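Residue numbers (my numbering), protein chains in the order written: chain R, 1 to 183; chain C, 184 to 389.
What the hints contain is simulated information worked out from the structure, not anything from laboratory work. Just so you know, these numbers come straight off a predicted model, no measurement behind them. Hints are not guaranteed to be accurate.
Stretch by stretch, here's where chain C covers chain R in the computed footprint (C-beta under 8 Å, at least three residues) [as the list claims (entries may be wrong)]: (1) 26 to 33; (2) 40 to 53.
Within a straight-line C-alpha distance of at most 20 Å, the following computed SDA-like cross-link-like pairs (lysine to any residue) qualify [to be verified]: (3) R:K164 with C:E187; (4) R:K73 with C:R234; (5) R:K73 with C:D354; (6) R:K73 with C:D322; (7) R:K73 with R:G24; (8) R:K164 with C:A212; (9) R:K73 with R:E151; (10) R:K164 with R:V149; (11) R:K164 with C:D322; (12) R:K73 with C:N320; (13) R:K164 with C:R234.
Backbone N, C-alpha and C fix where the C-beta goes; we use that ideal spot for every residue, glycine too.
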Amino acid sequence: MAPATPTDAEIIQQVLDGDVEAFGVLVDRYQEEFAAYAKYMTGSEDEAADVVQESLVRAFRSLRRCRERASFKSWLFRIVSNQCKTYLQRRRRRTEVLAGTEQDAAAPDDSTAEVEAEELRHQVHQALQDLPADQREALVLRYVEGLGVQEIAVVVGAGVSAVKMRLLRAREALRDRFEGVAL
Amino acid sequence: MKQEHELLRRYLDGELPREALPVELRAEAARFERLFAALDPEDVRLRTTLRADVMRQIRQERRTAWRAFQWLVAPRPIRVSPLAAALSAAAVLALVLFTRAAPDRMPGLPGADRVDTRFIYLAPQASRVAVTGDFVNWDPDGVPLERRSDGVWVAELRLEPGLHHYVFVIDGTEWRPDPNAASHVDDGFGRRNSVLLIAPPVRHAS
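Please construct the entire structure, taking both the sequences and the accompanying hints into account.
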């Protein structure tokens, strides 16, 4: 019989008991989960990696204060969300222009369908970056991370109705932007 | 601007299964799904060294803390001349006498420059209220407030003088700005952070 996979709460206890290496299991478990969210929020894979790394290290430092160990993922999501927020504030101060989606775009291959798919992907990424940050955040959490509206409300610290309104506004903006575009 | 149909909205919010959508709305739903499919999380690959980077940073921090602890507890021989010992003792004595004579003049002592700050939030229906901000690195748990019988929640923190941004966390989920704050700033996510300016404590000349 295969050994049971340890729960987040069990791993956290192990780490708090002194086994620092056990934290690597949580890193493996969640780094990819947050990769897409961080990338779509920051607009670049490099920045996303920095955000995820810093969030995981902060989570380790604050592990003792994580009261809801069974919902470690939501707790970690809030840390990543805050790190994205900090990153965006810093970027606004620097008034840098990031072109992450362009540099991350893969070179199209010879297939026409693949070229069209890549072009659409690029356009959607660009549309996402043009949304207000709160709408972008809600959209990514709902349709990329697959979170429910209630879960999003917990992660972003807003009411359910506010989350629904952000999703609606984001969808309306996307719908208008891609009106008449063959999908 | 064209309004989104109520049923389509509920489907896209995850409240209805696809089968509940009337046929005339399915094409529009499918257009959204194709747009969202372009945001495939499988496309995103973070650097392969991320795990190693995180673990290295964690181990390093732990080693530094452990070394500091070991340095503090490790016994070591001390060689000191009688003159240096006498001067050190005199310095300690002078410090004790000085602080006794002027207890309110202790610049540089830990906590001496911090200012008692009271956070108050009215939420009779809430079961938990906390305050979080830059002074706790935006810890999602924040610092808990205590509930008074009149539904007012209170916490006192000692904060460094300067500009602070903060919000209240209600029942562990909702982040709300302080309605009594003097000013607010946009947090970059369409929400508002409250702003608190703490002046340095006044020192009275004796």
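Hint check results:
1. With 4 residues having a Cβ less than 8 Å from any Cβ of chain C, the region 26 to 33 of chain R passes the three-residue criterion, so the hint holds.
2. Residue count for the region 40 to 53 of chain R with a Cβ under 8 Å from a Cβ of chain C: 7. That meets the three needed, and the coverage hint holds.
3. For the hint pairing R:K164 with C:E187, the CA-to-CA distance comes to about 12 Å; that is within 20 Å, so the pair holds.
4. Restraint check: the Cα-Cα separation between R:K73 and C:R234 comes to about 17 Å, which is no more than 20 Å; the hinted pair holds.
5. This hinted pair checks out: R:K73 and C:D354 have alpha carbons roughly 18 Å apart, not beyond 20 Å.
6. Between R:K73 and C:D322 the alpha-carbon distance is near 15 Å, which keeps this suggested pair within the 20 Å criterion.
7. For the given pair, R:K73 sits about 15 Å from R:G24 by alpha-carbon distance, which is consistent with the 20 Å threshold.
8. Our distance criterion of 20 Å between C-alpha atoms is met by R:K164 and C:A212, whose separation comes to about 17 Å.
9. For the given pair, R:K73 sits about 11 Å from R:E151 by alpha-carbon distance, which is consistent with the 20 Å threshold.
10. At roughly 7 Å between alpha-carbon atoms, R:K164 and R:V149 fall within 20 Å of each other, so this suggested pair holds.
11. The suggested pairing of R:K164 with C:D322 is violated, with an alpha-carbon distance near 25 Å, which exceeds 20 Å.
12. A C-alpha spacing of about 19 Å is found between R:K73 and C:N320, which places the hinted pair at or below 20 Å, so the restraint holds.
13. Restraint check: the Cα-Cα separation between R:K164 and C:R234 comes to about 35 Å, which exceeds 20 Å; the hinted pair is violated.
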